[in-house]
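**Q** Chain residues, written in single-letter form:
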Amino acid sequence: MNDAQTLAVEVIGIEQVTPLIKHFKLAPVGGGSLPVFSGGSHIIVVMQGAGRVHRNPYSLLGSPQQLDTYEIGVRRMEESRGGSHFMHDTVKVGSRLEIAHPVNLFGLDKIARKHVLIAGGIGITPFLAQLEDLHGGSVPYEMHYSVRSPEHAAFLERLRRREGDRLHMYYDSEAQLIPFEPLLAAQPLGTHVYVCGPAGMIKHVIDTAQSCGWPDSHIHWEQFSAPPVGDAFEVFLARAKISVHVPPDQSLLESIEAAGVEVPYLCRGGVCGFCQTRVLEFDGQLVHNDHFLSDAEKAKGTSIMPCVSRAQCRRLVLDL
Amino acid sequence: MSAVFKPHETFRDDFSFRNSPQAIRRFPLPFSEDAYMYSVNIEPHLPGPPGSVTEFAFDVDEHYVAECRERAIVLAAEPLRYQALPHMMSSQWDCLELIMESLARDYPAHFSLSKQGNRWRWINRPLSLDQEFTFGDAATLPREPLDYITRQAQGDFVVMDQREGDLWAEAGTVTTQADWSLDFDLGMTFKEWHGPVPLAHELGVFDRALKFLLNLRLGQPVRRLNWTMTVHPRLDTSPENYPHWGPDRATVTAQNAGDLVHLRVELQGLWRLPRSNAIVFGIRCYLISLRELATIPKWARRVHRVLRDLHPALIDYKGLTRYRDAAVQWLAPFDDGAPTTPGAAPE
Amino acid sequence: MLVTGIKSKPVYAPLQADTRGRYHLMLGTGVGAAPLLRVIAEMRGAAAQSLQHTRVLFVPDLGSGSELEQFEAAAVGEVRAFPNTPALLAQFRAILGQSLMGTRLYVAGPESFIGLAMKIALEFNLNKDEIRAEECGSLARRVYCIHCRATTENVRTNIVRCVGCARWLLVRDHYSRRLAAYMGVMADAEAPGELPPLKEVFL
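Chains as they are written, first to last, in the working numbering: chain A, 2 to 321; chain B, 1008 to 1354; chain C, 497 to 699.
Worth double-checking, as some hints may not be accurate.
Chain B is nowhere near these chain A residues, computed Cβ spacing over 12 Å in every case [as the list claims (entries may be wrong)]:
#1 K93
#2 L98
#3 A233
#4 A260
Simulated pairs of lysine-lysine, DSS-like, Cα-Cα distance not exceeding 30 Å [to be verified]:
#5 K204(A) <-> K624(C)
#6 K299(A) <-> K624(C)
#7 K615(C) <-> K1218(B)
#8 K299(A) <-> K242(A)
#9 K301(A) <-> K1218(B)
#10 K115(A) <-> K1198(B)
By construction, these hints were calculated from the structure, which means they are not laboratory data.
Bear in mind that the values here come from a model prediction, so they are computed numbers and not experimental data.
Yeah, the Cβ is synthetic: ideal placement off N, Cα and C, and Gly gets one too.
For reference, chain A alone in the conformation it holds in the complex (with noise of 0.2 Å):
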């Protein structure tokens, strides 16, 4: 996708729902409803910063049969390159944004015989919206959310009353974590999980659920993580003929973009694989933080994910 396929919203509501999360409502401008979705689903938020475009992904939390508006979450980072600040400082009831179409890359399995559903903090977000369509329905399920403390649950009062006791609450004020192994390893066979929160959170879920037999077909998790900083870099767009200057602390998909180059992008978390670019040369070292090239592929350094990885060389040429 591209910038040229977005939607113009404006934000008709902000509540800060907890210390560190706002709650966003966005009605599209100029009446009428928004696309449908799944749940599970994000948009790219295109915000027009001082000097610079931020675009990040947020899950919507909102029903899915509900679109006359659409609802995010957006959590203050402490160490942010500016999008969760913007949202935060600079956004007000009656701004205008831009959002792309939903996407979905984590969905739930239709097939699945039960689904446990384990969020972390702001993680709560898409399974928010995931809840409306299983609720009622015939699959079993459960939501177990862990946060800092009761403060700090965003959307507590909401799902309580919606979820009751399929509802699992872990605060790390009174030291209750979530028991993984326990959890995972008595579940039926046909059990899907679905983790969305810190790094930490996820990799201790998948590492559990395999080493419980989990097939990893059966494991799905999201991440929306901010591309890591490195030290600034230059790059050569060989059929734009343009030499690209990296900062330390904006993406190389980011700067590719600001020097006016468009790069296809769907979750701009190194996961889906839709900016995979080609390396035509490099003298250094390629860094890749992307989840999409297999070891064979990373080492081998023809192909590159811009939105995560970065590169630590003299020169590197990219077919942009």
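Please arrange chains B and C on chain A, whose structure you already have, making use of the hints.
**A** Structure of chains B and C alone, referenced to chain A:
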């Protein structure tokens, strides 16, 4: 496109199907040059020129009413030509919405759709239908949503669930197919149901196609053309009914090939569906006899050459073995060896 | 119709232990015992504690008693013998209903047995990562007549008379996991009576 329907055309028994001169000229010839081999020939399903088969999302032509009647006949005799696994209900509603909204938008003289929240009213004038129903509540429709709407659309539809990094054919209406069975293939993955296609696997065609489709975006459908040949303008060339149409292949001669042998082209469209995140595969079938084709000199030359030089494995797989030579002989007098212009458009 | 070399024919491989599984469920008939015993021996070497979580369901060949003794001597969690395949499959379904994630399924025997076991496994959302199958014994096929939809069992020849409609069917390589059968299509529709020579090919 002309609003004149030919409701009494038949695709069986007396085979009264014929193309008008307009229908002939807009026929989607799948050969842009004088030879044919597979490729992943996918392109964005953007609006084509006015009057063309790709102008709208779903093409409705002069054969619309007759084809809907033909579908009803097949489904009455064989209900298993429509199947949907239980978990595909949300994709059924997605398809109903996609087809109704497209037809009402693109052919407002024939179809109307009005909505009050979830209460919808659908009017199909050519088929004299006026249906009020609640979107999402299957009890308010006379049939399952996919069954209901595909009986009012030309071409077959297969719905594929996306999971485990693959696509699974798990619902569909298949009554106008070129020799494959929904009943048999239901539940298969993308490469499994393409198993019988020769050569393409070695060329990597399906690996690339699958990877592309897994990333298919909402609002960005794609299309491609596929082709084979049929004896008589018979839409139902299913494996199920092979005992009925198989014998036709042995009745073709160099004299009657012009009227019996038909080029059969599939305009295939693929759409991502919003609620289910599944993909619907529409297979719209166009038929033209060699005699009708030959009224366009460029096409006569081109089709003669394509058939004459076709790879033997393709001749076998497309079922042309018994009558390929007769077809080539019938077309030969129209081919004076002159060059043809690139592209499929008639000159 | 007569295409050969279709890519939708299932491909099997010699069974190997999957030590990433926690529970191991093994199904076998007749000569399928040998691959299962081999996997058990492999597990004894690499992951002996897995043997406690291993169950074997088995239909012995008439007149042979030694496989059962070998399974019992292997000290796996449970060994059960069944008089026939339907009895084994019924118990298999009951066990799956109580099974947990981390289960691995191993099936050894003729393809028709494997197909029927896989059909049941599909109901519980077991996928290819959790199932290993080795084909041994007869290659005889189950054939689904695409015209009358009857299934003809135990087909060893390239063409066969359908038990439902009596047509001669060409036995194709196109296979359906859902139906656990190969497709049979009328062999002489285009030239009635003209059949390829009958050959025993699936022995």
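**Q** With reference to the structure, classify each hint as holding or not holding.
**A** Hint-by-hint comparison with the structure:
1. K93: It holds; K93(A) is separated from chain B by about 29 Å at its closest Cβ, greater than 12 Å.
2. L98: Given that every Cβ of chain B is farther than 12 Å from that of L98(A), nearest at about 19 Å, it holds.
3. A233: Non-interface label stands for A233(A): nearest chain B Cβ at 31 Å, farther than 12 Å.
4. A260: Correct as stated: the minimum Cβ-Cβ distance to chain B is 25 Å, above 12 Å.
5. K204(A) <-> K624(C): Holds, at about 24 Å.
6. K299(A) <-> K624(C): holds (27 Å)
7. K615(C) <-> K1218(B): Distance of about 27 Å is within 30 Å: holds.
8. K299(A) <-> K242(A): Cα-Cα ~25 Å, so holds.
9. K301(A) <-> K1218(B): Holds. K301(A) to K1218(B) sits at ~21 Å (cutoff 30 Å).
10. K115(A) <-> K1198(B): holds (28 Å)
Of the numbered hints listed earlier, not one is contradicted by the structure.
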